[in-house]
Amino acid sequence: MKFDTPATTNPIDQLKVVGKPTNRIDGPLKTTGTAPYAYERHDVAANQAYGYVVGSAIAKGRIASMNLKVAEAAPGVLAIVTAANAGKLGKGDFNTAKLLGGPAVDHYHQAIALVVAESFEQARAAAALVRVEYERGKGNFDLAKSLDGAIKPAPSFGTEADSAVGNFAGAFAGAPVQVDARYFTPDHAHAMMEPHASIAAWEGDKLTLWTSNQMIAWSVGDMAKTLGIPKENVRLDSPYVGGGFGGKLFIRADAVLAALGAKAAKRPVKVALPRAFMFNNTPHRPATIQRIRLGATAEGKITAIGHESWSGDLPGGGPETAVGQTRLLYAGENRMTAMRLAVLDLPEGNAMRAPGEAPGLMALEIAVDELAEKLGMDPVALRILNDTQVDPEKPKRRFSQRQLNKCLQIGADKFGWAKRSAKPAQVRDGRWLVGMGVAAAFRNNINGPSAARVRLDKSGVVTVETDMTDIGTGTYTIIAQTAAEMMGLQLDKVVVKLGDSAFPVSAGSGGQWGANSSTAGVFAACVKLREAVAQKLGMNPADAAFADGKVRSGGRSAALGEAAADGEIVAEDKMEYGDLEKAYQQSTFGAHYVEVAVDAMTGEIRIRRMLAVCAAGRILNPKAARSQVIGAMTMGAGAALMEELAVDKRFGFFVNHDLAGYEVPVHADIPHQEVIFLDETDPTTSPMKAKGVGELGICGVAAAVANAVYNATGVRVRNYPITLDKLLGQLPDIA
Amino acid sequence: MKSFTYERVATPAAATAAFARAPGARFIAGGTNLLDLMKLEIETPAHLIDVSRLSLDKIEKTGDGGLRIGAMVRNTDLASDARVRKDYGLLSRALVAGASGQLRNKATTAGNLLQRTRCPYFYDTNQPCNKRRPGSGCAAIGGFNRIHAVVGASEACIATHPSDMAVAMRALDAVVETVDAAGKARAIPLATFYRAPGTTPHLETVLAPGELITAVTLPKPVGGTHIYHKVRDRASYAFALISVGAIVQKDGSGRVALGGVGYQPWRVEAAEAELPRGAKAAADGLLAGAKTTHENAYKLPLVERTLAGVLAEARG
Amino acid sequence: MQTPEEFEVSRRGVIVGGAASVATATFVPAGSAVAAPAPVPPPTAKVTFEVNGTPHALELDTRTSLLDALREHLKLTGTKKGCDHGQCGACTVIADGRRINSCLTLAVMHEGESITTIEGLGTPDKMHAMQDAFVVHDGYQCGYCTPGQICSAVAVLDEIAAGVPSHVTADLTAKPEVTHTELRERMSGNICRCGAYSNIIDAIVDVAGAKA
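Protein chains in written order, with this note's numbering: chain A, 1 to 735; chain B, 1 to 316; chain C, 1 to 212.
Hints in this document: simulated from the structure, not taken from any laboratory.
Treat the hints loosely; a few may be bogus.
The calculated DSSO-like cross-link candidates involving lysine-lysine, where the alpha carbons are at most 30 Å apart (straight line), are [as the list claims (entries may be wrong)]:
no. : chain 1 : residue 1 : chain 2 : residue 2
1   : A       : Lys206    : A       : Lys231
2   : C       : Lys46     : B       : Lys86
3   : C       : Lys126    : A       : Lys20
4   : B       : Lys39     : A       : Lys69
5   : C       : Lys46     : B       : Lys39
Make a model of the complete structure from these sequences and hints.
Next comes the structure, spelled out in C-alpha cells:
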C-alpha cells in the first residue's frame, strides 16, 4: 500500500481498541520471568557452548603477537577465534569499527578473540589466559583539542552539514540582545539492562542467530556481509529485547563472534558481552561542544539564530547531529547551523535515543533560557513568541501539526509556573534552594516502509507476523490493537509474533519511527486480509463491516473465522510512503517542566517534580506511550545530573566502565512524573495518524533541569552533567 | 575467575586452621566484594574458606556497657538492631547510606571493613595500579580522579576506602577483634587498623595473612546527636564523594569522621577540639596537608560545607 | 618503538614505564615455549537447596554463582544477569526470606537454603499480586530488570513490616512506614534503564495499600 495522500476516515478511527490504555499483552510474560531473552534460549539448540570475549587492552595500535597455548590447554576449552584464524571477514554497513579486531586495534575493548568452552566459568577463566603483546599507537582522544582539525562531514541521510538562511552574521551583530555561549555535553552510554547477547547455530552453511537486536533486516544484511555469506543463509530471531536505546540497532561483537565460535567449535555457542565491555566495546552517544548564538529584538523576536556543533568519531564515522532541531524549532529570518567532525580514537560513536536532538536541545534550550533572562522575559512567553507554523528555511512548507505553544501553555498552567520567581536564588525550603525550569521538546517524525503478514484461522484468531521488534516500547500491544481494530476483534483474539527475520521486513525500532510505521504496515496487511475475507464470504469488500468478531455486508453476517473454515487465510502487505513528509514538515513537540531542590550547603541536586506535555499525533496506547515518555524523562534526568563517560585522554578509553562508575538514575532520583498528551491526529503521517513519542520524551529534559538549577541557585552550568562540584564555588556563603 | 577449592568451616579455629593448610586462601562471608574482584581476577585465591556460618552473628553487650558486634552480623541486621538505633545512631545511619538493600542483606561487618577501593583503574586489569599490581604505577594520578583521596595519599596511590560503616565506627572508637592462625587473639583500634598507602598501597590493613576478624566492639554510648551526611551524585546506591559522620553534644563539642577523602575513614581527634568554633576551623584541621588534583579539589570546600550543614542540623 | 611515556603492554596489564615504577612483566611472549599444563577439571562441590519449593541437588564448578546455577543449570531464566557485579539488581532473588543479588554469591554457599525466584512468585496464569500490579501500572518496559524489581518489591514490603530502617527513615527508633519516599530509597538497588520508576512505585503502593 502506498501512502501518498493524507489519510481520510478509516477503520482505525473507530478507536474501539486503538487509543485505549490497554495493559501490555506481553506483561504477564515479562512480570513472571517467562519472556525469553536472547541468552536464555536453552530450548532452541541443543548442546550450547559458552563464548567469552577478549577485549583489546589498548585503544590504538597493533597486536604484535597473541599466544593462545595456555588458554587452549585450559579445562573445557573448545575453540578460540581470533582475526588470524577466523578467515576473511567483511564489515557491516552500519559498523564503523570492525567487530573482531586484530592485528590493527581501533579502540579500547575492541573484541580481539573469543574463547569457547563447555561452561561459562571455563570460558571466562580461559579468556584471561590469552596472552597478547601490543604495539601501542598514537591516538587522538581529546575532542576539545581537536576542534581546529575537525572537518565538514559528508551529508548524512541527505542532510548537509551546514545550513544558512539570510544574513546571520549581520543580523546577530546588529541584534540589541544577544546570547553567545558554548555548551558541553559528554559521551553517554546506552547502558540498557540486557547486555548484547546472541546464541548462534549452524546447519550446514545456514546460520541461525537468536539475538537481541532492534533492526532485524539491517542486521541480517550486516551479518551476511561480515561473514561473507548470502543473506538467505542468515536467520535472526529477536522476540524480546532487554532495552536498546539505539545500542542494539546494529550487530555487535556478540553476534559475529557467536557465529564464528559456533563454526569453530562445531556446535551452538552463546555469547553475552560482559557489562564492562558495553561502555568501550559497543557504541555510545558522542560528546559535543556546541556554540549557540541568538540575537533578538528588545521585544524578544529572534532575528538571528546560529548553532555550531563539534563532535568526534573513529575514521569513517559520522557527526552527532546536534544542530538539526535548531533549523526548525524557532522562527527567525537569519539562520546558520554547522557541524564539524574530528577524528577520535575513542570507541565508536553512534545513535542513542534521540540522536542529535537530545544533546542539541541540552544546549539550545539553555541558550533560550539565557536569552529570556537577558530580555527580562518569561521563558515560556519567549518561546511562544518565536513559534513558527512553517519551516523557517522554507516558509511555504508548513508543519503538518504544530502545537508547541499549546504544550507550553498547558504545562505552565498544570505545573504552577506562575509561582516561579523570575529572579533566581529566591526560594528557600529549609536548607534547600528551590527552582523551576522549562524547555521545549522537539523531535522529527520519521516514517519507514514496513511490512506484515496476517493469518486468519477458523477460530477467528488473527496472527500477525512481522520482523518488527519490541524493545520495551509496547510494540506487541499496539500491533495487536491495530489488528484487532482492523478486523473487528477483541484484543485476546490477536496473536503477535515479532523479531524473526523469516517474517516480512518492518521498519524496526529506532528514531521513534517504530510505532507509527510498524502499525501502518499491519494496517496495510489487514486491509488485504479484509478484502480476502470478504471475497471468501461472498461479500462486497467495499462495504463489508468488521465488528464484534463478525463480518457484515448487505444484510448478511458471518463470524470472521468462517472465512477460514476450509483453510487459513493469509495476507501480506507493506506500507510505503510518498512525498507527504517532503510536502509537510512532520515533527513532534512537547514541553518539559521541572522543579529541583539544591542543597544550599552541599550543592546536591534533587528533582522534585517533572511534567511533560506532548503533541505527537494519535497516541495508540496512552499507557505504553506514557511509559515511553517517563522513561525518556528519566534518561534526560540522568543526562542532566550524572551521566558522563569519563575519558582517559592518555590511554584513550572510558574509565568508568561499569554501572557503579557510570551512574544512571535510580528510583530515589526520580519523583512521580506527570505526562499529558494533547488530543491530536496527524493525517499526513499514515493511516494510523500517529507519530513517534519515545524519543520526544528525552528531548529538552536535561535543559529543563539545568534551567531549574539556575532558577534555584543563580548558577548557570553549561557543561553537563550538572554535578555539585560545578555549583559549590557559587553557592551562598556558609553561615 | 580462577578455579578454587571450597570448604565451609564451623568455628573460627577451624577457619584459621584451614588457612594454615592452604596459605593464600581467602575467607569468604558475604562475598559481595570478593566475588566481584574474583570475577575480574583482581583476587585469585586458589582456595576459599566459607566463614559465613560461623556463630559470630550476635550483637551482645560488653562488660563496660558497650557493644560487641560479631564479624558475621549482616549490615541489615546491624543497622536494624534496636540498641544500635538507639545508642549508636551514627552507625545505623552510615550502614543504610551504603550499597543497596540486597547488598546489605549479604554484606558482613568484617567484610565491610575489608572491602577494597572503588578506584576504576584498580578495577581495570589492563591499567597500571600499584594497589593491584605493585610497581606498575598509578593510572589515577593524572587520569580520572574526581572521586579520589585528598588526604593521606601517596605518589603510589590516591585511592579511597569506600566504606560508610567504617566512618561511623571510627567516630565511635571501634576496636577490631581478631584471631590469628596460631589461635592468638588481639584487639586493634580501628584508628590503627588501616595502613597508609606509602609505597605499598597493596597492603591495606595491619592484619596478618590468615588473621580472622571475629568481632568489632564499641565502647559505651557517648550520647549526643548522631548525623551521617553522605554526599553523592545520585540519591542512592552510589559510593560517597565525601561523607561526614558526626556526633555533636549539646555544648557544641563532638566527634567527626570523614569518608571518601582518604585510604581510611578520616578522623583527626585534635581537629575536633575546634568543632565549637565551627565548620571551617574543624575542617581545616581535618584536612590539614590535603593534596588535591584539579578534578577532586572540590572535596575540600565540600567537606567544610557539609560539616557546616551537619553542625547546623545538630543545633536544630 | 615506544617512547618513554608509553607503556609495556600485555593482556594482563598496561605497565607504566620509566624509572619511577619498575614493571614486572607477567605476559608470556608469543612463540616462547610455554609448558601448557595438562587440563585439570575444575574443582566442584555439591550443594542442595530448594528453589521455589523444589529440592535440587547439584554438583557445580565451585565458581558458579547462584545466578548462573539458576539460569544455566536449573534453566530458571526469569532471574536476569544485567551486570554480574552487584551494580544493577536484575538478579535479585529471595534467599531464606531475604532479597540478595544472586550474581554476587556462590551457589555452593547456599546449602540447605530456600530460594524464591520470580518463577516462584507466580506464573502468567496465576500471578502474584505484585506481578499483577506491575502489569496494571505498566511498571516495566523492556522487561529485563522486571523480575528483579518484583522480587525486590515483595521483599521490601516485608522489610518495612519487620522494622528495618532505611536512609530516609526520619526517626531511627520509630517503625518505618510505607511511603513513596521510603519505597524509592529501598528500591534503589534495582536499576531500570527504561525508566519505569514512577510506575513501579505506583504498583508497589497499590499492593501495599491492598495489604494494609
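Right, here's what the structure says about each hint:
Our distance criterion of 30 Å between C-alpha atoms is met by A:Lys206 and A:Lys231, whose separation comes to about 10 Å. Distance check on the hinted pair: C:Lys46 and B:Lys86 sit about 43 Å apart at the alpha-carbon level, beyond 30 Å; violated. Taking the CA atoms of C:Lys126 and A:Lys20, the gap is near 25 Å; set against the 30 Å cutoff, the hint holds. For the hint linking B:Lys39 to A:Lys69, the alpha-carbon distance of about 22 Å falls within 30 Å, and the restraint holds.
Straight-line distance between C-alpha atoms of C:Lys46 and B:Lys39 comes to about 21 Å, which keeps the hinted pair within the 30 Å bound.
Taken one by one, the earlier hints fail for this structure only at number 2.
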